[in-house]
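Please build the complex by placing chain B on the supplied structure of chain A, with the hints as guidance.
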Amino acid sequence: MIWALALTLLVWGGASWLARFGRGTLNPVLVSTIVIGAVLVIGRIPLASYEEGAAPLTAFLGPAVVALAFAIDRGARRLGRRLMVVAIAGTIATIVGAAVTVAVAWALGASGELLRILAPKHATSAVSAAVAEVLGVDASLAAVFSILTGILGAVAGPPLLRLMRLRDPVAGGFAIGLSAHAIGTARAMEEGPALGESSALGLALASLLVPLAILGASLLGWL
Amino acid sequence: MAMQGRPALGQVPRWLFGFGVIVAFAALGTLVQALTGLPIPGATLGMIALLLLLATPLRGWLTRVVAPAADSLIAVLPLLLVPLSVGVIGSFGELAEQALAIVAALVAGWLATFLTAALIADRLMRRRS
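Chain order of the listed sequences is A and B. Residues 494 to 716 (the numbering used here) are what the first sequence spells out, left to right. Residues 5 to 133 (the numbering used here) are what the second sequence spells out, left to right.
Calculated from the structure, these hints are not laboratory results. We put the CB at the ideal spot given by N, CA and C, even for glycine. Hints are not guaranteed to be accurate.
What follows is a list of derived Cβ distance ranges for each label pair [stated by the list, open to error]:
(1) B:Gly41 to A:Arg658: 39 to 49 angstroms
(2) A:Ile535 to B:Arg127: 48 to 58 angstroms
(3) B:Gly41 to A:Thr518: 38 to 48 angstroms
(4) B:Leu20 to A:Gly506: 22 to 32 angstroms
(5) B:Gly97 to A:Ala531: 33 to 43 angstroms
(6) B:Gly14 to A:Glu606: 47 to 57 angstroms
(7) B:Gly97 to A:Pro686: 38 to 48 angstroms
(8) A:Leu601 to B:Gly14: 52 to 62 angstroms
(9) A:Leu576 to B:Leu123: 39 to 49 angstroms
(10) B:Arg18 to A:Ala531: 37 to 47 angstroms
(11) B:Phe21 to A:Pro539: 18 to 28 angstroms
(12) B:Ala28 to A:Pro652: 36 to 46 angstroms
(13) B:Arg131 to A:Glu606: 17 to 27 angstroms
(14) B:Ala103 to A:Gly573: 42 to 52 angstroms
Here chain A stands alone, though its shape is the one from the complex (with noise of 0.2 angstroms):
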């Protein structure tokens, strides 16, 4: 089974060394995902095979998890005062990011369990899975819509950036962070360890708010 572990090293090498010349639109979890899911179509390998002999990625999921306590220290420290201005901001985008995501789907007529699964996109995967799991629904869908959710903020996220003409870069760098969490933070610290360090702060503090919101809304009844 360990074929799967150099499948995923050997190709996700490859990708990020191909992400250099995309300017961000060769995102390499993107370019990762489907090369990979080209050799097991060709090959005829089941997908459960693979994920078996990925299994070993995966499990360090939960603690790259806890070792985002240091991006969220890093940044406190760092920003002094102005913390409180980004927990404010992540807490509020935390909430009607969600809402709005789930709004969305439901007025398009989704089930009552995808709207479960689609509600905790906005953290990484690691969490995403955790908290559907805890809400009894399919944890591996809510890890693709974060892993999609994600690509989506890593190709969009600088150019809209660009476009919107932020004064203050920490600003920027945090709303990558918190709404395209570990894959939006990769391509922000393409950008620059400014955007990239601020964008990490977002991602860390997504994994704690969107948990936390998903908790505030299932008390109240809402999920």
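Structure of chain B alone, referenced to chain A:
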């Protein structure tokens, strides 16, 4: 922290120990989640616990010993997501059924989160400075 030429003894054991501390926090969070049934992922609980410890005098020790492993983990986070992402090909059927609602919700939700976060943070920062 740059290692020049010869590998510095103690770097690797320290990294591994720090890594062990992080995994232990994740395990602890998972255990607490399982015991209490809180609707918050175990990993997030572990992160909150570590964050609380970072506010104590242990911060210096944690930054020295645990932060290097934490930085490595954050750096490879997108790679760790690839196996989950490949799982999409197993859910194509379910996705196709409600494709319009899903795509619209993904795009609108992302735009709402992104724009709200960017605009509020930018406005508030300007007022402060």
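Using the Cβ atoms, figure out if A:Leu601 sits within 52 to 62 angstroms of B:Gly14.
With a Cβ separation near 57 angstroms, A:Leu601 and B:Gly14 satisfy 52 to 62 angstroms, so the hint holds.
Honestly, do B:Leu20 and A:Gly506 meet the 22 to 32 angstroms range at C-beta?
holds (23 angstroms)
Do A:Leu576 and B:Leu123 keep their Cβ atoms within the hinted range of 39 to 49 angstroms?
Since the Cβ atoms of A:Leu576 and B:Leu123 sit about 18 angstroms apart, the hinted range of 39 to 49 angstroms is violated.
Check the following: the C-beta atoms of B:Gly41 and A:Thr518 are separated by a distance inside 38 to 48 angstroms.
holds (43 angstroms)
Verdict for B:Gly97, A:Ala531 (Cβ pair) under range 33 to 43 angstroms
violated (18 angstroms)
Using the beta carbons of B:Phe21 and A:Pro539, state whether their distance is inside 18 to 28 angstroms or not.
violated (38 angstroms)
Kindly confirm whether 37 to 47 angstroms is satisfied by the beta carbon distance between B:Arg18 and A:Ala531.
holds (41 angstroms)
Could you tell me whether the CB distance from B:Ala103 to A:Gly573 stays inside 42 to 52 angstroms?
The hinted range 42 to 52 angstroms holds for B:Ala103 and A:Gly573, with Cβ atoms some 45 angstroms apart.
Just to be sure I understand the hint, the distance between the Cβ atoms of B:Ala28 and A:Pro652 should be within 36 to 46 angstroms; is that true here?
With Cβ atoms ~41 angstroms apart, the hint holds.
Status of the given 17 to 27 angstroms range, CB of A:Glu606 versus CB of B:Arg131
violated (42 angstroms)
Kindly confirm whether 48 to 58 angstroms is satisfied by the beta carbon distance between A:Ile535 and B:Arg127.
holds (51 angstroms)
Should the hint that B:Gly41 and A:Arg658 are 39 to 49 angstroms apart at their CB atoms be regarded as holding?
At roughly 47 angstroms between Cβ atoms, A:Arg658 and B:Gly41 fall inside 39 to 49 angstroms, so the hint holds.
The structure fails hints 5, 9, 11 and 13 (numbered hints given earlier, in ascending order).
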